[in-house]
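Going left to right, the sequence shown walks through residues 52 to 310 as our numbering numbers them.
Misleading hints may appear alongside valid ones.
Claimed, not checked - BS3-like cross-link-like pairs, simulated, lysine-lysine; straight-line CA separation at most 30 Å: (1) LYS177 to LYS255; (2) LYS280 to LYS177; (3) LYS132 to LYS177; (4) LYS301 to LYS132; (5) LYS255 to LYS280; (6) LYS132 to LYS255.
Hints are computed from structural coordinates only; laboratory data are not their basis.
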Amino acid sequence: MLAVCGLLLAGCSGVGDGGHRAGPSASSAAASSPAAQRETGAATARLTVDPARVPTTPAAALDLVRAITAGPDGYGPGYVKRPPYQSDPADWPVLGADCVWRQESLPDDVLATFTRYSRLPAAGAKGEVRTAATVTLHRTVAQADWEMAETLEEALRCPDQQLRTTERIIGLNSMGSGYGTNGNTSADDYLIEMGTYDNPALGKGSTYYIWNQVRLGPVTIAVVVEGGKGFDQSDLLTVQARAVAGMETKVRSELGAQK
């Protein structure tokens with residue numbers, strides 16, 4: 052987990068204590084483009100898995116991603132289930148040309164995807180923290196790699212995004228690292244996105260939005276952290292890294308993986 056935390060923090064320069072981040076420079080945007088990232092994180096699997104343990108049917112794949120996806124205990128003490136606690140496995144989020152997220156049907160290249168929602172209730176001077184963990188199994192490593200590239204492209208195309216009617220991300224910026232770059236020694240591919248998050252349900256003003264996604268062979272893992280007024284950003288990054296690391300361990304265990 053410490054290596055993951057270090058990479059998270061290394062990718063967060065330029066983010067203020069209030070969660071506001073300046074837009075990327077031309078050079079950083081170029082370095083974060085999907086094409087640039089695919090050069091450092093090619094569509095190959097450094098994670099060696101037991102082929103007999105990789106599901107090939109949607110039903111078996113759904114069992115796998117459910118077994119891996121973190122719940123409240125994956126983040127630390129005090130976290131509880133947030134309704135709706137689990138996603139509809141038939142849904143797939145798509146960012147439209149208008150930078151608004153919508154649910155569509157599962158694409159053919161995805162065997163299964165699953166999300167669990169958790170939260171840390173507000174207490175004292177600290178606001179509520181909302182989290183979501185998603186695990187997706189693709190049919191091939193190349194398809195999982197392409198999901199990572201698409202995620203990078205989305206942040207460049209839509210730095211401001213509408214999540215739901217009253218929820219909005221502003222000033223989203225991203226950084227990707229292939230295995231062996233920028234301290235990434237645990238995943239085939241790594242991505243972090245950061246911006247500010249507006250949601251009246253969490254109070255007035257902007258709060259944190261932090262998205263972390265990794266690829267291990269044909270599996271992608273993502274954890275989002277939203278909110279957290281009164282928390283240090285490093286605290287939220289540590290919580291996020293803990294959940295990601297726990298799911299990485301489960302992927303290796305479930306698929307008989309070796310690095």
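Okay, the hints, checked on the actual structure:
no., hint, verdict
1, LYS177 to LYS255, "13 Å, holds"
2, LYS280 to LYS177, "6 Å, holds"
3, LYS132 to LYS177, "18 Å, holds"
4, LYS301 to LYS132, "20 Å, holds"
5, LYS255 to LYS280, "10 Å, holds"
6, LYS132 to LYS255, "24 Å, holds"
Violation of the numbered hints given earlier is absent; every hint is satisfied by the structure.
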